[in-house]
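Colleague: Each chain, letter by letter, is given below.
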Amino acid sequence: SAVISQKPSRDICQRGTSLTIQCQVDSQVTMMFWYRQQPGQSLTLIATANQGSEATYESGFVIDKFPISRPNLTFSTLTVSNMSPEDSSIYLCSVEFGGETQYFGPGTRLLVL
Amino acid sequence: DAKTTQPPSMDCAEGRAANLPCNHSTISGNEYVYWYRQIHSQGPQYIIHGLKNNETNEMASLIITEDRKSSTLILPHATLRDTAVYYCIVRDYDSGGSNYKLTFGKGTLLTVNP
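Chains as they are written, first to last, in my numbering: chain S, 1 to 113; chain X, 1 to 114.
Keep in mind that a hint or two might mislead.
To be verified - Derived DMTMM-like pairs: lysine to aspartate or glutamate, alpha-carbon spacing no greater than 20 Å straight-line:
(1) X:3 / S:100
(2) X:3 / X:92
(3) X:106 / X:67
(4) X:106 / X:92
(5) S:65 / S:54
(6) X:3 / S:58
(7) X:52 / S:100
(8) X:106 / S:54
(9) S:65 / S:11
These are computed hints drawn from the structure, not numbers from a lab. This structure is a prediction, so every number in the text was calculated from the model and none was measured.
Please take these sequences and the hints and turn them into a complete structure.
Modeller: Printed below as a string of structure tokens:
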């Protein structure tokens, strides 16, 4: 498996601002993923981020709102732009390891006021 | 949309086996079934996965029916720490069509009682 860390673990932000979430993994991985979990809901995939290529966004998510960087095989960032209270969620990154299994980070808890 | 259906909640007595069912009647022949659990808003934890054969690891056993339209996750001796939301997932492709993705449904809230 892989050890995944996220920063920050939680934050409280004002509407209209942006927050960048970092995801660090202790092994080199090709595929990284970003999910959102709204309060009381299940996880929803935002995008898949492969190193060296543009992120692939799922329906309902756009790059202008959730820009993603993937500068190397152990690191990725997700920015939540121009935030509103509806963006209050847990944001999780995951990595595919061993070609078959995704492992998840601990999540970033975001509250937008 | 998720390709699986699960009961919203189940109870289990501590020390007994917990059997969590999952229906995936539209599964394709090459799609894997994955199980994860999420304990109180922590990141989901991988449990087990399988394609056709039954699988067992240190956490659980996965029983897949011969027609692959349903499966059961078995926690052989449930403890209070197994209280969590359990997700059964059929792995498919992302919107680009070239990468695998996990589509989470609502899962089953398993409550292990003393």
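Colleague: With reference to the structure, classify each hint as holding or not holding.
Modeller: Going down the list of hints, with the structure as the test:
no. : hint         : verdict
1   : X:3 / S:100  : 18 Å, holds
2   : X:3 / X:92   : 9 Å, holds
3   : X:106 / X:67 : 24 Å, violated
4   : X:106 / X:92 : 17 Å, holds
5   : S:65 / S:54  : 15 Å, holds
6   : X:3 / S:58   : 17 Å, holds
7   : X:52 / S:100 : 15 Å, holds
8   : X:106 / S:54 : 30 Å, violated
9   : S:65 / S:11  : 18 Å, holds
Hint violations for this structure: numbers 3, 8, all remaining hints satisfied.
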